[in-house]
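> Sequence:
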Amino acid sequence: MKSPAELLNFKQHGKDMNEFVKVPVSEKLAYCFGDPALTLMYTMTTTLLIYFYTNVVGISAGAVGMIMLVSRVFDGFSDVLMGTIIDRTHSKYGKSRIWILRLAVPYALAAVVLFTMPGLGPTGKIIYAFVTYNIMNTVVYTAISQPFHALGSLMSRDRRERDVICNVRMVLSITASMVITAFTLPLINKVAGMIHNEQAAWIIVTSVYAVISVFVLLNTYTTCTERVQTAQKSKENIPFWTALKATVTNPYFLIALGLMLFYTVYQIIIGTDLTYYCQYILGNVDLVMPLSASEKIATIIGIALLPKLLPKFGKRNLICAGCLLGIAGQLLFLLNSTSVTLGIATCIMRGIGIAPFYGVQYSLPSDAIEYGQWKTGLRIEGLMFSSMSMGQKAGSGFTSAIMGAVLSMAAFDGLKATAAEQTAEAVSVIRTFYLYVPIAIWIIMFLIALCYKLDKKYDRMMRELIAREGKDAAGSGDTVDIPQSVNGNKINIAIGRVYGASGRRIAEGLAKELECRVYDRQIICLLAEKLGLEDAQMGDVQKYLDSYNENEPLTFSPYTYPAAGVAEDMTDVSMFTEQSRVILELASKSPGVFLGRCANFVLAKQPHTYSFFLYADDEYREREGAEYYEGQSLKELKERDEQRNEYYRKFTGARRDDPKHYDMVVNVGKTGVEGAVRMILDYVEKKEKQKG
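For the sequence shown, our numbering assigns the number 1 to the initial residue and increments by one for each residue that follows.
Please keep in mind that the hints were generated in silico from the structure rather than gathered at the bench.
Please read these numbers as outputs of a predicted model, since none were measured by experiment.
Straight-line Cα separation of at most 30 Å, BS3-like style, residue types lysine-lysine; simulated pairs:
id : residue 1 : residue 2
1  : Lys-605   : Lys-589
2  : Lys-605   : Lys-691
3  : Lys-650   : Lys-589
4  : Lys-375   : Lys-457
5  : Lys-245   : Lys-456
6  : Lys-456   : Lys-375
7  : Lys-490   : Lys-92
8  : Lys-308   : Lys-28
9  : Lys-245   : Lys-453
10 : Lys-453   : Lys-375
11 : Lys-687   : Lys-490
12 : Lys-308   : Lys-456
13 : Lys-2     : Lys-28
14 : Lys-670   : Lys-689
15 : Lys-22    : Lys-312
16 : Lys-635   : Lys-650
17 : Lys-605   : Lys-22
18 : Lys-605   : Lys-92
19 : Lys-689   : Lys-605
20 : Lys-375   : Lys-245
21 : Lys-312   : Lys-650
22 : Lys-22    : Lys-92
23 : Lys-689   : Lys-660
24 : Lys-638   : Lys-650
25 : Lys-686   : Lys-605
26 : Lys-691   : Lys-512
27 : Lys-22    : Lys-11
Let's have the full structure, built from the sequences with the hints guiding it.
Okay, structure coming up:
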């Protein structure tokens with residue numbers, strides 16, 4: 001009898017496992033809708049749960065705050081543990097997918113139990129809340145959310161595909177958060193009115209959400225595919241304390257962590273206090289829906305505008321501008337803090353203000369990782385993302401604890417329904433949390449964002465990284481299995497040469513013997529097609545790539561935003577990256593002879609791949625220039641070589657004619673074209689026999 005994992009695995013058969021494949025729309029949606037399935041319960045536990053504890057079951061605000069604080073500390077450490085478990089998972093159903101399947105049902109059950117409070121005394125309720133909260137958040141939610149986040153990076157190595165997935169995911173995530181925050185409490189109140197049992201209403205609504213989440217997550221497991229299989233072994237050799245030091249001394253990690261931390265504080269305060277503010281200040285708890293929805297919708301619109309705005313203004317400027325807009329929105333509400341109209345206007349301004357950070361929050365840690373590798377030579381991803389998650393959860397716990405403690409000191413009583421029944425201090429605390437504390441948070445985020453200075457130097461940093469690590473430019477540092485092409489050839493040959501050394505003629509001779517193609521100008525056409533260029537721009541691409549001149553700036557914009565999430569025009573760095581990906585894809589699907597294009601660098605770690613450098617004396621080159629290069633002089637050939645040398649050095653950090661980067665260096669002036677072809681083929685044949 002087949003296991004559930006095998007029964008639900010039927011969509012995986014026959015899937016394209018190319019790491020750079022264009023992810024099917026159905027698969028993207030299956031993954032992106034998984035985020036709302038997780039957001040349903042996460043938002044319930046970060047916003048409405050406090051209200052449930054204080055106003056429904058009668059636990060004191062101080063006790064709730066302490067539960068949140070202690071639990072969040074445990075929760076942060078559980079992230080690191082789950083990350084280790086994922087790294088050591090070797091299931092045939094994937095490293096991440098299998099955990100989504102295993103935990104979908106426990107996740108739903110834990111959510112229902114969380115909102116099911118038995119008839120216990122005050123102490124019993126606190127103990128029950130602490131235990132169930134930790135089962136849900138520290139154990140189950142962490143165990144399913146960490147694999148889910150990892151799955152997004154395992155579906156494809158194509159940056160643009162990941163951008164599209166991330167963009168759609170964030171829109172769906174914030175939409176789900178909006179639905180939970182704005183509609184759940186009114187829905188629960190309506191159900192409670194129908195059945196005359198408030199506690200049962202919470203259980204019923206939570207159960208409906210939980211069942212929906214299970215089916216969505218099962219579809220995520222069934223439909224999504226892990227294509228990135230190769231483990232990055234270099235990371236395992238970095239000692240923990242070395243990695244920790246590199247992480248905490250990385251200024252851009254600290255910037256990303258600081259922004260995430262204070263965004264979390266903002267989210268908890270606004271999400272939690274909004275319900276209290278509507279009930280006790282505005283006098284109508286149902287106003288939570290229009291106020292929350294207006295902020296979330298504004299954020300969605302702001303995120304949709306980011307692809308157009310980021311290339312022009314950069315992350316720092318947009319985040320800073322958003323903070324200023326958020327401050328202005330809060331000040332506007334102070335003119336009349338009981339006006340619903342001004343409250344909605346404030347929410348819209350806050351929603352647009354938070355959009356720049358919300359839209360790039362997952363790319364800021366990636367920036368920090370690239371910076372860390374550039375600065376220290378260490379690429380630390382697991383610990384950095386785990387630390388971000390720990391910081392976020394600790395911030396959430398401390399914020400909830402502080403809010404609970406302050407409300408408790410103000411003698412807030414959640415069982416009292418109106419402001420007249422609350423103490424004046426409690427009402428004042430609710431007003432302060434909603435009106436004034438966000439201003440302080442916006443100011444702090446503004447100051448932190450001012451320190452982000454990667455926008456202007458990011459391209460230069462990436463050039464230097466590409467020079468050090470071929471895997472950064474090519475999108476992969478690991479080997480992949482190369483299937484045989486239709487004609488049976490499985491050999492890739494990369495040819496580097498000086499102008500006038502008969503490189504093209506030798507490449508054509510090799511291709512004829514191997515019954516494969518020569519790749520040179522075809523790469524340009526495929527690159528233009530991959531970028532979605534118009535025919536009129538192909539000439540510009542060819543002119544740019546053929547010039548090999550780093551001083552010749554790009555005068556065209558290949559990206560006309562062909563896909564959601566693309567937020568930058570093409571630069572010389574990204575052009576080289578995309579060209580390298582085209583080369584890798586060609587080498588994987590239809591092995592052949594690659595002429596130039598830094599192919600020896602890009603394909604350095606691919607199996608069945610060999611590289612050769614061709615040169616000749618001046619007399620030979622002069623004859624070749626006259627016969628095969630339209631009468632170009634030796635001086636002109638050497639000038640073109642200098643351009644090519646500089647291009648190669650810029651993106652690889654090495655000399656193009658350095659013998660150590662090739663399997664063999666051939667003096668064509670001594671061997672002739674046919675002799676060079678035979679010498680290269682003999683070498684390849686011997687090496688292949690040695691490999692068995």
